[in-house]
Amino acid sequence: MTKSILITGCSTGIGHYCAKALHHSGFRVVASVRNPEHLTRFEADGIPCILLDLADEASIKKGFDEAVALCDGKLDALFNNGAYGQPGAVEDLPTEVLRAQFETNLFGWHTLTRMAVAHMRNHGGDSRIIQNSSVLGLVALPYRGAYNASKFALEGLTDTLRMELNGSNIQVSLIEPGPVLSDFRRNARIAFEQHIEINSSAHKAEYEAQLARLNAQSAPQKFTLGPDAVYEKLVHALTAKRAKPRYYVTFPTYLMGYLKRLLSSTWLDKILLKNR
Numbered sequence: 006m007t008k009s010i011l012i013t014g015c016s017t018g019i020g021h022y023c024a025k026a027l028h029h030s031g032f033r034v035v036a037s038v039r040n041p042e043h044l045t046r047f048e049a050d051g052i053p054c055i056l057l058d059l060a061d062e063a064s065i066k067k068g069f070d071e072a073v074a075l076c077d078g079k080l081d082a083l084f085n086n087g088a089y090g091q092p093g094a095v096e097d098l099p100t101e102v103l104r105a106q107f108e109t110n111l112f113g114w115h116t117l118t119r120m121a122v123a124h125m126r127n128h129g130g131d132s133r134i135i136q137n138s139s140v141l142g143l144v145a146l147p148y149r150g151a152y153n154a155s156k157f158a159l160e161g162l163t164d165t166l167r168m169e170l171n172g173s174n175i176q177v178s179l180i181e182p183g184p185v186l187s188d189f190r191r192n193a194r195i196a197f198e199q200h201i202e203i204n205s206s207a208h209k210a211e212y213e214a215q216l217a218r219l220n221a222q223s224a225p226q227k228f229t230l231g232p233d234a235v236y237e238k239l240v241h242a243l244t245a246k247r248a249k250p251r252y253y254v255t256f257p258t259y260l261m262g263y264l265k266r267l268l269s270s271t272w273l274d275k276i277l278l279k280n281r
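Residue 6 is where the sequence shown starts when you use my numbering, and the numbers rise one by one after that.
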């Protein structure tokens with residue numbers, strides 16, 4: 006039987022690639038986007054696309070109901086992917102900006118996941134929930150505190166959910182990419198410039214250096230992979246008889262995952278700060 010899946014954050018990058026690739030490999034895909042202007046991006050492929058804003062609970066509920074209807078009442082899988090990064094030193098982050106980061110990256114995912122779990126329990130078939138996390142859900146980096154915190158929270162919440170669903174018809178997995186080709190860095194820079202007061206910050210010199218590096222970069226960051234690397238892990242999480250709890254993507258994630266297990270947090274902090 007054809008499996009159905011709802012994917013969030015499909016305007017560009019990982020979500021866009023995975024929606025098309027899964028569709029062409031035989032999955033019944035419902036893509037979702039936050040921006041109404043992006044609804045037509047899948048017309049040529051015949052993939053239904055819906056509006057779903059992860060920062061708006063009403064939009065999440067409406068979008069989920071539409072996705073289920075498009076799948077004839079049976080959704081088999083959810084790939085939570087839509088997110089953004091808010092750079093800035095922790096001391097420079099207004100609380101409302103941190104709250105907005107969590108609204109999209111965690112609370113919206115939680116609302117959607119709860120709806121999916123209730124639906125999947127009800128129909129009883131083999132079901133999957135896959136969360137697209139990050140290497141920054143494993144280790145922290147300076148000036149990424151808001152994003153770090155949202156992904157650390159996601160990791161803990163997802164691990165708990167997986168344990169609680171043990172023995173049910175629902176398998177839960179995390180995918181943890183490092184640098185992947187997408188618009189993530191461009192969007193993060195926009196969020197940084199909108200919400201962080203650079204000139205009055207004690208970190209002004211570091212901010213300016215980071216912005217200069219971003220503006221000067223014409224080639225992908227070292228170890229960057231394409232979204233197909235995430236797709237490969239996603240397919241395994243969706244189709245394997247026993248999905249893995251975690252899937253690492255890119256060399257930095259494998260390295261940091263290994264170091265986290267090997268070293269104490271104190272030593273790991275020193276390594277990361279020295280090589281930032």
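Treat each hint with caution, since some may be false.
[To be verified] Below are the EDC-like pairs computed for lysine to aspartate or glutamate, each with C-alpha atoms no more than 16 Å apart in a straight line:
| no. | residue 1 | residue 2 |
| --- | --- | --- |
| 1 | LYS66 | GLU96 |
| 2 | LYS8 | ASP131 |
| 3 | LYS209 | GLU198 |
| 4 | LYS265 | GLU198 |
| 5 | LYS25 | ASP164 |
| 6 | LYS8 | ASP77 |
| 7 | LYS246 | ASP131 |
| 8 | LYS25 | GLU48 |
| 9 | LYS209 | ASP131 |
| 10 | LYS249 | GLU237 |
| 11 | LYS249 | ASP188 |
| 12 | LYS79 | GLU160 |
| 13 | LYS249 | GLU96 |
| 14 | LYS25 | ASP233 |
| 15 | LYS249 | GLU108 |
| 16 | LYS25 | ASP50 |
[To be verified] Estimated spans, in silico, between C-beta atoms of each pair:
| no. | residue 1 | residue 2 | range |
| --- | --- | --- | --- |
| 17 | THR165 | GLU62 | 20 to 26 Å |
| 18 | ASN171 | ASN204 | 32 to 38 Å |
| 19 | PRO250 | GLY51 | 16 to 22 Å |
By construction, these hints were calculated from the structure, which means they are not laboratory data. All values reported here derive from a predicted model rather than from experimental measurement. Ideal Cβ positions, reconstructed from N, Cα and C, are used throughout, including at glycine.
Hint-by-hint comparison with the structure:
Between LYS66 and GLU96, the direct Cα distance comes to roughly 35 Å. Violation of the 16 Å bound is thereby established for this hinted pair. Distance check on the hinted pair: LYS8 and ASP131 sit about 9 Å apart at the alpha-carbon level, within 16 Å; holds. Restraint check: the Cα-Cα separation between LYS209 and GLU198 comes to about 12 Å, which is no more than 16 Å; the hinted pair holds. About 32 Å separates the Cα atoms of LYS265 and GLU198, which puts this hinted pair outside 16 Å; it is violated.
At most 16 Å may separate the alpha-carbon atoms for a hinted pair to count; LYS25 and ASP164 exceed this at roughly 28 Å. Between LYS8 and ASP77 the CA atoms are separated by roughly 12 Å; this keeps the pair inside 16 Å, and the hint holds. Note on LYS246 and ASP131: the hinted pairing holds, with a Cα-Cα distance of about 9 Å set against a maximum of 16 Å. Taking the CA atoms of LYS25 and GLU48, the gap is near 11 Å; set against the 16 Å cutoff, the hint holds.
For the hint linking LYS209 to ASP131, the alpha-carbon distance of about 51 Å lies beyond 16 Å, and the restraint is violated. Taken as a hint, the LYS249 and GLU237 pair is honoured in the structure, with Cα atoms around 13 Å apart against an allowance of 16 Å. Note on LYS249 and ASP188: the hinted pairing is violated, with a Cα-Cα distance of about 28 Å set against a maximum of 16 Å. Taking the CA atoms of LYS79 and GLU160, the gap is near 27 Å; set against the 16 Å cutoff, the hint is violated.
With a C-alpha separation of about 37 Å, the suggested pairing of LYS249 with GLU96 is violated against the 16 Å cut-off. Taking the CA atoms of LYS25 and ASP233, the gap is about 11 Å. The hint holds against a cut of 16 Å. Straight-line distance between C-alpha atoms of LYS249 and GLU108 comes to about 27 Å, which puts the hinted pair past the 16 Å bound. About 7 Å separates the Cα atoms of LYS25 and ASP50, which keeps this hinted pair within 16 Å; it holds.
With their beta carbons about 21 Å apart, THR165 and GLU62 fall inside the hinted range of 20 to 26 Å. Between ASN171 and ASN204 the CB atoms are about 52 Å apart, so this pair departs from the stated range of 32 to 38 Å. Here the CB-CB span from PRO250 to GLY51 is close to 34 Å, at odds with the stated 16 to 22 Å.
Hint check: violations occur at hints 1, 4, 5, 9, 11, 12, 13, 15, 18 and 19; the rest are consistent with the structure.
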